[in-house]
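Residue-level listing of the chains:
Protein chains: 2
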Amino acid sequence: MKYSELSKEDLLKEFKNQEHKLAEFKAENLKLDLSRGKPSEEQLKLSLGLLDAVNSKSNTKYDNINCLNYGGLDGLSQMKQIFADMLNTSADNIFAGGNSSLTIMFMVLNNLLINGTHGCKPWGEVKDRKFLCPVPGYDRHFQMTEHFGFKLIPVKMNSDGPDMDEIEELIKNDESVKGVWCVPKYQNPTGIIFSDEVVERFSKLKPKAKDFRIFWDNAYCLHNFNGNDKDIPDIISLCKENGNEDMVYEFCSTSKITFPGAGVAALATGKNNLQEFKTYIKYATIGPDKINQLRHINYFKDINGVRAQMKKHAAILKEKFNAVYDILNSELKDCGIADWTDVEGGYFISFNVTGCSAKELVGLCKDMGVVFTPAGATYPYGIDPTDSNIRLAPSFATKEDIKTSVSLLCAAAKYLSLKKLLNK
Amino acid sequence: MKYSELSKEDLLKEFKNQEHKLAEFKAENLKLDLSRGKPSEEQLKLSLGLLDAVNSKSNTKYDNINCLNYGGLDGLSQMKQIFADMLNTSADNIFAGGNSSLTIMFMVLNNLLINGTHGCKPWGEVKDRKFLCPVPGYDRHFQMTEHFGFKLIPVKMNSDGPDMDEIEELIKNDESVKGVWCVPKYQNPTGIIFSDEVVERFSKLKPKAKDFRIFWDNAYCLHNFNGNDKDIPDIISLCKENGNEDMVYEFCSTSKITFPGAGVAALATGKNNLQEFKTYIKYATIGPDKINQLRHINYFKDINGVRAQMKKHAAILKEKFNAVYDILNSELKDCGIADWTDVEGGYFISFNVTGCSAKELVGLCKDMGVVFTPAGATYPYGIDPTDSNIRLAPSFATKEDIKTSVSLLCAAAKYLSLKKLLNK
Chain V
447 MKYSELSKED
457 LLKEFKNQEH
467 KLAEFKAENL
477 KLDLSRGKPS
487 EEQLKLSLGL
497 LDAVNSKSNT
507 KYDNINCLNY
517 GGLDGLSQMK
527 QIFADMLNTS
537 ADNIFAGGNS
547 SLTIMFMVLN
557 NLLINGTHGC
567 KPWGEVKDRK
577 FLCPVPGYDR
587 HFQMTEHFGF
597 KLIPVKMNSD
607 GPDMDEIEEL
617 IKNDESVKGV
627 WCVPKYQNPT
637 GIIFSDEVVE
647 RFSKLKPKAK
657 DFRIFWDNAY
667 CLHNFNGNDK
677 DIPDIISLCK
687 ENGNEDMVYE
697 FCSTSKITFP
707 GAGVAALATG
717 KNNLQEFKTY
727 IKYATIGPDK
737 INQLRHINYF
747 KDINGVRAQM
757 KKHAAILKEK
767 FNAVYDILNS
777 ELKDCGIADW
787 TDVEGGYFIS
797 FNVTGCSAKE
807 LVGLCKDMGV
817 VFTPAGATYP
827 YGIDPTDSNI
837 RLAPSFATKE
847 DIKTSVSLLC
857 AAAKYLSLKK
867 LLNK
Chain S
447 MKYSELSKED
457 LLKEFKNQEH
467 KLAEFKAENL
477 KLDLSRGKPS
487 EEQLKLSLGL
497 LDAVNSKSNT
507 KYDNINCLNY
517 GGLDGLSQMK
527 QIFADMLNTS
537 ADNIFAGGNS
547 SLTIMFMVLN
557 NLLINGTHGC
567 KPWGEVKDRK
577 FLCPVPGYDR
587 HFQMTEHFGF
597 KLIPVKMNSD
607 GPDMDEIEEL
617 IKNDESVKGV
627 WCVPKYQNPT
637 GIIFSDEVVE
647 RFSKLKPKAK
657 DFRIFWDNAY
667 CLHNFNGNDK
677 DIPDIISLCK
687 ENGNEDMVYE
697 FCSTSKITFP
707 GAGVAALATG
717 KNNLQEFKTY
727 IKYATIGPDK
737 INQLRHINYF
747 KDINGVRAQM
757 KKHAAILKEK
767 FNAVYDILNS
777 ELKDCGIADW
787 TDVEGGYFIS
797 FNVTGCSAKE
807 LVGLCKDMGV
817 VFTPAGATYP
827 YGIDPTDSNI
837 RLAPSFATKE
847 DIKTSVSLLC
857 AAAKYLSLKK
867 LLNK
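Chains as they are written, first to last, in this note's numbering: chain V, 447 to 870; chain S, 447 to 870.
Just so you know, the hints here were simulated from the structure itself, not pulled from any lab data. Each hint should be verified, as a subset may be incorrect.
Copies of the same chain look alike in the list, so a pair counts if it fits in one copy or across any two.
Once the Cα atoms are required to be at most 27 Å apart in a straight line, the calculated DSSO-like pairs of lysine-lysine come out as [claimed, not checked]: (1) Lys865 x Lys656; (2) Lys650 x Lys728; (3) Lys654 x Lys459; (4) Lys717 x Lys865; (5) Lys448 x Lys654; (6) Lys865 x Lys747; (7) Lys865 x Lys758; (8) Lys866 x Lys573; (9) Lys567 x Lys597; (10) Lys845 x Lys650; (11) Lys597 x Lys573; (12) Lys686 x Lys845; (13) Lys467 x Lys618; (14) Lys467 x Lys597.
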């Protein structure tokens with residue numbers, strides 16, 4: 447029953463009840479963490495074979511070079527093909543790099559900041575430069591553009607992607623709006639998938655700034671865990687069809703396929719952008735770790751190997767997400783103090799508490815020994831105007847720990863909401 | 447006998463002689479390359495065991511983290527220790543990163559360009575910013591600072607390091623001089639070692655710019671091949687002693703110890719710089735490839751493992767350098783048309799032709815099928831004012847190919863010099 451409909455007496459009873467529950471949690475001296483989207487130990491074990499995929503007896507020649515030596519600025523051909531198949535694009539559009547897609551994003555931004563693109567003024571010289579940030583979103587994206595001196599403009603996320611009316615309006619007349627962050631599949635943290643219509647509207651944008659760019663972080667492109675994966679349209683070819691060939695930079699990596707930190711990352715973009723990026727990046731590197739690319743090639747062979755691997759990840763993740771939903775549904779469904787996204791892939795659930803302050807809630811949980819992503823982290827400058835959003839990241843913890851953590855979250859949310867209702 | 451002392455008749459005879467030699471080379475349809483400082487296949491084989499140093503059965507936990515997962519922004523503790531021992535500095539000064547020291551240099555420069563350091567104006571806002579480039583030097587260094595908008599100021603290299611009188615003069619009153627490139631041991635391309643006095647004078651510099659920085663690329667710190675390695679003083683502690691703790695950024699890597707492109711690179715610098723760099727780099731990465739660091743740790747254990755490996759490299763390189771010197775000495779020693787540096791480590795010999803144009807010489811060799819580093823590449827903007835310097839890089843080629851290539855170089859140098867003397 448909804449809290450707002452309870453009598454004062456029942457509210458008080460329920461408050462005592464939750465207070466008691468919290469005391470019990472407190473006595474357990476918990477030390478749990480549901481804060482970051484890290485694969486679990488069990489998931490890491492899935493890819494241990496990768497560590498054997500190149501050894502001292504292996505053939506290290508590939509693409510007519512010895513991968514042990516210098517060279518190969520944009521990566522090995524089959525690594526590009528695997529990324530192309532992951533993103534439904536052409537291998538001609540791919541730059542296969544080092545271990546971090548975040549680094550590639552940083553370098554792309556940095557190039558535009560310092561050198562500009564297509565003859566436009568370098569972004570670093572645009573005094574009131576702005577970047578659009580669909581919210582809630584990924585803290586590291588927002589922090590990167592903040593670091594590069596952009597004013598961050600929040601844009602509403604709908605259940606089918608960012609509010610395109612708002613984006614179209616924001617970019618129409620303002621030449622200082624230079625880009626937008628997107629995680630099109632299983633968005634961080636809402637877990638939603640951009641609809642075909644949203645993707646198409648992105649590709650048809652008519653920004654005032656000729657150098658407006660979509661930063662399309664397809665980090666979870668194959669990360670469905672419910673067995674009903676749905677491809678989104680290829681933004682690169684759509685952009686090209688609509689005369690916007692150079693408007694999008696797409697990113698992905700194997701960080702959550704093989705190993706975070708020891709995977710391979712990629713950039714996918716149009717011909718001109720790719721050439722421009724290679725011209726720039728050659729000042730910073732002679733080439734990526736081709737041996738690690740060769741490991742991935744030997745291990746997966748092709749996209750089918752990757753897809754098979756993702757099924758194993760899915761089985762592990764599905765159980766953990768279900769554990770979260772079981773508790774949320776049984777504890778909070780009828781209280782009217784919170785809602786959350788129902789996701790089929792990715793690493794996050796977006797939890798919105800309406801009955802109390804998210805900051806207070808995360809703080810209380812922390813005091814009780816359970817760390818959640820800081821409230822506000824999913825918003826530019828760490829400021830959630832409604833102080834309601836909390837990102838749940840259940841991948842790393844065990845199922846038991848997830849149950850405990852989310853149970854605590856529910857009890858604490860109830861406790862704080864009841865306290866508020868009771869004006870305590 | 448010196449060409450300048452020969453009679454016209456003898457010159458003509460010698461000219462015909464060399465013309466004939468070149469015709470013979472031409473008939474061989476050579477396709478050889480002595481242009482870049484790449485380790486040879488034989489050297490790469492020395493480190494194949496590294497590829498087995500982490501496998502699917504290995505313990506991947508280190509420093510209380512699983513190296514397979516995210517985290518560890520500044521690298522693994524023992525990797526830092528190994529780099530510290532390589533550079534005779536403390537592990538507290540080390541950031542152990544990804545596969546490329548060039549990338550770390552780029553990122554350090556980029557941070558200073560965008561954010562500035564120690565409260566000084568970002569270098570990107572210093573309109574007439576300048577960088578000192580001891581010449582001849584490393585093309586990729588020069589190109590990087592050119593790309594970042596610096597005016598490159600050449601500084602004379604002496605046999606004991608850069609001309610310190612010149613450097614002291616250049617930085618004394620000009621606040622726009624922001625840095626200097628150095629390769630202190632077995633400098634690229636001269637192969638010389640900075641003397642203790644030069645290192646000390648660097649540490650005592652009194653630049654007008656408070657944010658003047660020494661970029662100390664110690665790429666060849668352990669790369670002696672004559673069995674008589676000589677340590678240079680630790681620039682970091684010397685700078686600290688002289689009140690210049692933050693004046694130097696030192697770089698090195700295992701690219702020419704294990705595998706180029708699949709090694710580990712490091713930054714060594716003072717406490718403040720290191721903290722500043724970590725604060726910056728966290729926008730670009732969650733952490734380096736720790737598994738590859740673990741491979742290096744397991745493979746080498748400690749600095750002794752690295753030193754043992756370097757002895758094996760030395761044996762291979764020594765033979766190749768001797769092959770160059772044998773030909774140069776027998777062919778050119780008495781002609782008075784060229785001189786060259788006598789090196790005991792590193793990857794290069796600096797060859798100066800005085801009897802003809804270096805550009806023409808490299809061009810003629812290329813026409814005959816042998817590629818040398820382009821003339822001028824060792825100078826800022828690719829312009830060697832005396833058109834005399836050519837970098838010889840004998841590491842990659844076989845001994846036979848080195849003999850052929852250098853013999854051709856000698857014949858071509860003689861041919862062109864004689865042509866000039868004969869006014870042909």
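Hint-by-hint comparison with the structure:
{"no.": "1", "hint": "Lys865 x Lys656", "result": "neither (52 Å within a copy, 56 Å between copies)"}
{"no.": "2", "hint": "Lys650 x Lys728", "result": "neither (32 Å within a copy, 34 Å between copies)"}
{"no.": "3", "hint": "Lys654 x Lys459", "result": "neither (58 Å within a copy, 73 Å between copies)"}
{"no.": "4", "hint": "Lys717 x Lys865", "result": "neither (58 Å within a copy, 48 Å between copies)"}
{"no.": "5", "hint": "Lys448 x Lys654", "result": "neither (48 Å within a copy, 70 Å between copies)"}
{"no.": "6", "hint": "Lys865 x Lys747", "result": "neither (57 Å within a copy, 58 Å between copies)"}
{"no.": "7", "hint": "Lys865 x Lys758", "result": "neither (43 Å within a copy, 72 Å between copies)"}
{"no.": "8", "hint": "Lys866 x Lys573", "result": "neither (44 Å within a copy, 57 Å between copies)"}
{"no.": "9", "hint": "Lys567 x Lys597", "result": "both (17 Å within a copy, 21 Å between copies)"}
{"no.": "10", "hint": "Lys845 x Lys650", "result": "neither (43 Å within a copy, 60 Å between copies)"}
{"no.": "11", "hint": "Lys597 x Lys573", "result": "both (10 Å within a copy, 25 Å between copies)"}
{"no.": "12", "hint": "Lys686 x Lys845", "result": "neither (45 Å within a copy, 52 Å between copies)"}
{"no.": "13", "hint": "Lys467 x Lys618", "result": "neither (53 Å within a copy, 70 Å between copies)"}
{"no.": "14", "hint": "Lys467 x Lys597", "result": "neither (43 Å within a copy, 68 Å between copies)"}
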